[in-house]
Amino acid sequence: MAEAAPAIAEEGDVATAPSEAQAAVDVFAGNEMSAAETEDITLRWPTQLIVLAGAEYSGKSTMLTAIYEHFGRGSFAGFDFAGSRSLIGFEKICHANRVASGGTRPTTERTIPSDEAGYYHLALRETFGKRRRRQVLFSALSGELYGWARDSREDCEKLTFLRRANAIVVLVDGEKLANLETRVNAYADAASLLDVLLDAQMVPPGCQVEFVFSKLDRIRAAGESALAFLKQTQEKLETKFRVRVPQLVFREIAARPGPSNEVEELANGLASAFATWVEPQSRANVDGGRGPQPPSDAREFSKFGWRRAEEGKRAKP
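Counting from 1, position 50 in the sequence shown corresponds to residue 50 in full-length UniProt numbering; the numbering is continuous, with no gaps.
Read the hints as simulated data drawn from the structure, not as lab findings.
As a list, the in silico DSS-like pairs of lysine-lysine whose alpha-carbon atoms are at most 30 Å apart:
id	residue 1	residue 2
1	240	158
2	158	236
3	158	92
Values in this document were obtained by computation on a predicted structure and should not be read as measured data.
Let the hints inform the model, and build the full structure from the sequences given.
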């Protein structure tokens with residue numbers, strides 16, 4: 001695998017010239033992608049699937065916006081932008097954060113409810129070194145559907161794409177943590193979500209699992225009591241999940257920092273998180289190769305399209 005990686009990376013262009021045998025050229029609308037639409041990417045190249053999970057208004061769309069806009073300004077987290085098949089989708093969620101939208105303060109278009117997961121695509125190239133390419137998909141399932149899954153194991157088990165995730169990032173709403181009336185709910189939302197994902201066995205072996213305290217700027221602005229509660233919340237989550245998720249990680253991020261001398265610090269926090277999420281991890285590195293292992297294609301989202309194609313072939317008479 002390691003020896004083949006450079007060759008794959010060199011061929012990992014987002015758009016390739018059609019062969020003479022092709023009768024038509026695929027044209028992508030550039031919107032948020034469906035699972036079927038991602039197959040053109042996942043069939044060709046190893047692809048990282050990053051799932052941003054959280055309640056309504058927890059900051060999922062805001063984080064996607066921040067990542068996209070960082071690449072619009074140049075290199076970010078050790079990568080250069082090398083293309084996307086969901087540019088219009090990114091622009092739609094970024095629109096409310098632009099001066100052209102006429103807003104008086106930055107906002108982000110919320111994830112629109114849908115019956116299935118949506119995906120945003122980024123093609124990246126390493127800024128230094130071998131300059132290898134990386135294909136990344138972010139999920140964009142609405143907070144409403146995550147809420148239904150949190151309350152029903154049956155509904156949770158319908159989110160089958162989670163079993164192909166390379167990283168699951170559970171957002172803890174920092175704005176709720178900063179408010180005395182809602183801070184307990186912020187903990188409960190995040191804890192119950194990961195609880196049901198684990199109980200329903202939706203987290204694949206080797207998947208990176210993180211709690212991210214979003215909107216850190218709001219927590220800091222609320223003062224010492226809010227910061228103390230953040231620390232207590234992390235300790236409670238650590239106690240509750242460390243045995244079940246030995247590699248559990250905690251982060252604090254203000255995805256959309258305001259004008260202050262903390263901008264660089266906050267941007268670096270998001271950069272560090274992003275670099276970790278898009279880095280391929282071997283399942284053996286996580287569990288040492290011990291214990292029962294699922295099929296090799298159970299976690300690699302890049303093989304999802306291949307499996308669907310094979311199933312389609314077998315279903316034909």
